[in-house]
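Engineer: Listed here are the chains, written in short residue letters.
2 protein chains.
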Amino acid sequence: MAGDELILLNYWISMFGARVRIALEEKGLNYEYREENLQNKSPLLLQMNPVHKKIPVLIHNGKPICESNIIVQYIDEFWNDKTPLLPSDPYEKAQARFWADYIDKKLYDSGRKITWNKNKEEAEEGKKEVLEIFKVLEGALGDKPYFGGENFGYVDISLIGFHMWFYAYETIANFSIEAECPKLMAWDKRCLERKTVAKSLGDPKAVYDIVLKSRKIKGLD
Amino acid sequence: MAGDELILLNYWISMFGARVRIALEEKGLNYEYREENLQNKSPLLLQMNPVHKKIPVLIHNGKPICESNIIVQYIDEFWNDKTPLLPSDPYEKAQARFWADYIDKKLYDSGRKITWNKNKEEAEEGKKEVLEIFKVLEGALGDKPYFGGENFGYVDISLIGFHMWFYAYETIANFSIEAECPKLMAWDKRCLERKTVAKSLGDPKAVYDIVLKSRKIKGLD
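From first to last, the protein sequence lines stand for chains W and Z. Just so you know, we're using numbering that gives the first Met the number 0 here: the first sequence kicks off at 0 and counts up by one. Just so you know, we're using numbering that gives the first Met the number 0 here: the second sequence kicks off at 0 and counts up by one.
For identical chains, the list gives no copy identity; a pair is met inside one copy or between any two copies.
Calculated cross-link-like contacts (lysine to any residue; reagent style SDA-like; alpha-carbon spacing at most 20 Å):
| id | residue 1 | residue 2 |
| --- | --- | --- |
| 1 | 217 | 108 |
| 2 | 212 | 116 |
| 3 | 104 | 69 |
| 4 | 52 | 139 |
| 5 | 62 | 79 |
| 6 | 198 | 30 |
| 7 | 52 | 134 |
| 8 | 104 | 49 |
| 9 | 143 | 179 |
| 10 | 53 | 41 |
| 11 | 53 | 128 |
| 12 | 53 | 100 |
| 13 | 92 | 77 |
| 14 | 105 | 166 |
| 15 | 62 | 86 |
| 16 | 92 | 79 |
| 17 | 143 | 181 |
| 18 | 204 | 215 |
Derived from the structure by calculation, the hints contain no laboratory data.
Construct all of the structure, not just a fragment, from the sequences and the given hints.
Structural biologist: What follows is the structure in structure tokens.
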């Protein structure tokens, strides 16, 4: 809608924040991007998300929406006249929500076992879990170009933000996602060819550098 | 729709399964209820939910829908001609999803610290967390009769299934929810006056008995 004010509170390495950025780009919406310092959160972030105090938060005409998958659904429902992100069929919609929920419940925690591992065993466990999750997702993708079928959509948006972290996962736990899950990596490349995705994701090597620095600060290396 | 076949795979003490039962009742839908033995899951459950292998699963004309909040949204979207469960306004819908998500992310795990505690300290920690969650929810409820306002809906359905477990929480951790959160307990009573809720929830004292027996089997007492 003309005159809508959109502000995104985010931190660039967030796979969750990336979802919101991609959804806004897919809808062709202009928004103000505000980078948060998570060590010193802004009064606005604490005011807009007092329950979780987390990024990303989308502020639409002064009203906050929190939790990335909920924000993406909001964007799809409010600007429902262009580029649908979720399927319209209730069953397909439930399936899309199932896979986005699966990604949220599984991948973040298993990935953290790699990046913030206390020892080699934990990193190995994380690697094993991440690969299991990727195999399940590769099965769900099947031979379709996108999780939603012919069109890039909600599940793709839920997963592709993690691309920023793949290099860190692979380098720290010493494995190749492509060698294990070639179809998923072909999907990954396909998504990155979209301008909406490419411009919303930070550099995976810069994410890795931040992980290495943070590991030193946390005394993990 | 006439001729729809609905089968619910469930285990009666599940706060998540209760959500689906209530949603089906609110929509006035007939369904076949099948009780699962979680120690020996049926081939149908494993076939219908191969990813999580968990109840509840709603099978609609042979097709499975998994994860309770996703099932409730599916029911609301498929049978959208009667008793809306989610608000129609996108912002209100996002708020409803936020609180249902909050309940899922917080209450189950904190409640488990009480029911399956290894010692008094863990039970105390669980009690503290559960009360904090209840206070936040009581704040979100405010002076409205239901979380959705005048009408019983999605967030109410997400939370009221936990009613079955309140007696176990209170008895094991020795506290009174009503003393701490009188408005939330007034909401609880209001919900229980609905036939759709009352007929979908098992007896809290029977849940407590099962917890006690299970604690003995697990060697916790």
